[in-house]
Amino acid sequence: EAGVTQFPSHSVIEKGQTVTLRCDPISGHDNLYWYRRVMGKEIKFLLHFVKESKQDESGMPNNRFLAERTGGTYSTLKVQPAELEDSGVYFCASSLLTSGTGAGELFFGEGSRLTVL
Amino acid sequence: GNSVTQMEGPVTLSEEAFLTINCTYTATGYPSLFWYVQYPGEGLQLLLKATKADDKGSNKGFEATYRKETTSFHLEKGSVQVSDSAVYFCALTPQAQKLVFGQGTRLTINP
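First to last, the sequence lines map onto chains F and D.
FYI, the numbering for the first sequence is 1 to 117, going by our numbering.
FYI, the numbering for the second sequence is 118 to 228, going by our numbering.
These are computed hints drawn from the structure, not numbers from a lab.
Don't take every hint at face value.
No farther apart than 20 Å at their CA atoms in a straight line, the calculated lysine to any residue pairs in the SDA-like style are these [to be verified]: (1) F:Lys-15 x F:Thr-70; (2) F:Lys-41 x D:Thr-222; (3) F:Lys-41 x D:Ala-134.
Sample of chain F residues with no beta-carbon within 12 Å of chain D, all distances over it, derived [said to hold, decoys possible]: (4) Val-12; (5) Gly-16; (6) Glu-42; (7) Ile-43; (8) Lys-44; (9) Leu-46; (10) Lys-78; (11) Leu-84; (12) Ser-87; (13) Ser-95; (14) Phe-108; (15) Gly-111.
Using C-beta positions, here's what the derived DEER-type ranges look like [to be verified]: (16) D:Arg-223 x F:Ser-58: 41 to 49 Å; (17) F:Glu-52 x D:Glu-193: 39 to 47 Å; (18) D:Ala-170 x F:Gly-40: 25 to 33 Å; (19) F:Glu-14 x D:Thr-122: 34 to 42 Å; (20) F:Pro-81 x D:Thr-137: 39 to 47 Å; (21) D:Ala-170 x F:Ser-58: 47 to 55 Å; (22) F:Gly-71 x D:Thr-187: 19 to 27 Å; (23) F:Phe-7 x D:Leu-130: 17 to 25 Å.
Keep in mind that this is a model prediction, so the values were computed, not measured.
For every residue, glycine included, the Cβ atom is placed at its ideal position computed from N, Cα and C.
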């Protein structure tokens, strides 16, 4: 079974440009999460989809970030316009359960490294 | 609020050494606690977890015990191998919601 896949693995753009990151979750996983790790610090939550709906977007830093999950399958995260502080590794994760003892068992992709110059 | 504080790295050990990576947390309620690991070139993967006080999670020779009295979940392994070189993240889920991570500890094991 395929795991969580993310594309691109690395993107280098200039300040002010636009970048779109894509995540394909594990088939059948209704829950999809975006996280970000900046400058070797802690991994921070960005948002959570349940199917195509945004369950929690409290971690989105500002309105330059737009996440979508059309049809409840793959998700995209667009940064427009990109700023220097957006550089980091963006992780996508998916899961089947959000309650009970299985909660918190997320399956992560390898991450998309974004470098803004 | 909810937060996780990990032992700062990087940590470098020789093969067969004993490993401890400290993790303490602050949380409301009774969170579940996790250790995730990221091997080079791979995504994060769940290493072990504990869902209530005094539970011990274990996997691949690693262990961690949920200590409510000290709000800790330290990761230990008795004899590390070169293949254990990775970045380790302690995390919690407050009330089965989103994961809150620590800053990660890079571990390098030399032969």
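For each hint, the structure was consulted:
Proximity of Lys-15 of chain F to Thr-70 of chain F is assessed by CA-CA distance (about 27 Å); at most 20 Å being required, the pair is judged violated. Of the pairs offered as hints, the one joining Lys-41 of chain F and Thr-222 of chain D holds, with about 10 Å between alpha carbons and a cut-off of 20 Å not exceeded. Of the supplied pair hints, the one linking Lys-41 of chain F and Ala-134 of chain D is violated, its CA atoms being roughly 27 Å apart against a limit of 20 Å. Non-interface status of Val-12 of chain F relative to chain D is upheld: no Cβ of that chain comes within 12 Å, the nearest being about 19 Å off.
No Cβ of chain D approaches the Cβ of Gly-16 of chain F within 12 Å, the least distance being about 29 Å, so the stated non-interface status holds. Chain D draws Glu-42 of chain F into its interface by the beta-carbon criterion, the shortest separation being 4 Å against a cut-off of 12 Å. Distance check on Ile-43 of chain F: its Cβ comes as close as 4 Å (rounded) to a Cβ of chain D, failing to clear the 12 Å threshold; non-interface status is violated. At roughly 7 Å from the closest C-beta of chain D, the C-beta of Lys-44 of chain F falls inside 12 Å, breaking its exclusion from the interface.
Leu-46 of chain F, annotated as away from the interface, has a beta carbon of chain D within 12 Å; the closest lies near 9 Å. Non-interface status of Lys-78 of chain F relative to chain D is upheld: no Cβ of that chain comes within 12 Å, the nearest being about 21 Å off. For Leu-84 of chain F, the requirement that its beta carbon stay farther than 12 Å from each beta carbon of chain D is met, with the minimum near 21 Å. Even its closest Cβ contact with chain D, about 17 Å, leaves Ser-87 of chain F beyond 12 Å, as expected for a residue assigned away from the interface.
Remark: the non-interface label on Ser-95 of chain F conflicts with the geometry, its nearest Cβ contact in chain D lying 10 Å away (cut-off 12 Å). Residue placement check: Phe-108 of chain F does not keep its beta carbon more than 12 Å from all beta carbons of chain D (closest about 4 Å). Listed as a non-interface residue, Gly-111 of chain F fails to keep its Cβ farther than 12 Å from every Cβ of chain D; the least gap is roughly 7 Å. Against the hinted window of 41 to 49 Å, the Cβ-Cβ separation of Arg-223 of chain D and Ser-58 of chain F comes to about 29 Å, which falls outside the hint.
Restraint check, Glu-52 of chain F to Glu-193 of chain D: a C-beta distance of roughly 42 Å satisfies the suggested window 39 to 47 Å. For the pair Ala-170 of chain D and Gly-40 of chain F, the supplied restraint of 25 to 33 Å holds, since their beta-carbon distance comes to about 31 Å. Glu-14 of chain F and Thr-122 of chain D have their C-beta atoms about 36 Å apart, which keeps the hinted 34 to 42 Å range intact. Under the hint 39 to 47 Å, the C-beta atoms of Pro-81 of chain F and Thr-137 of chain D, about 44 Å apart, fit the expected range.
The beta-carbon spacing between Ala-170 of chain D and Ser-58 of chain F, approximately 28 Å, falls outside the hinted interval of 47 to 55 Å. Checked against the hint of 19 to 27 Å, the C-beta distance between Gly-71 of chain F and Thr-187 of chain D comes to roughly 46 Å, which is inconsistent with it. For Phe-7 of chain F paired with Leu-130 of chain D, a C-beta distance near 35 Å fails the hint of 17 to 25 Å.
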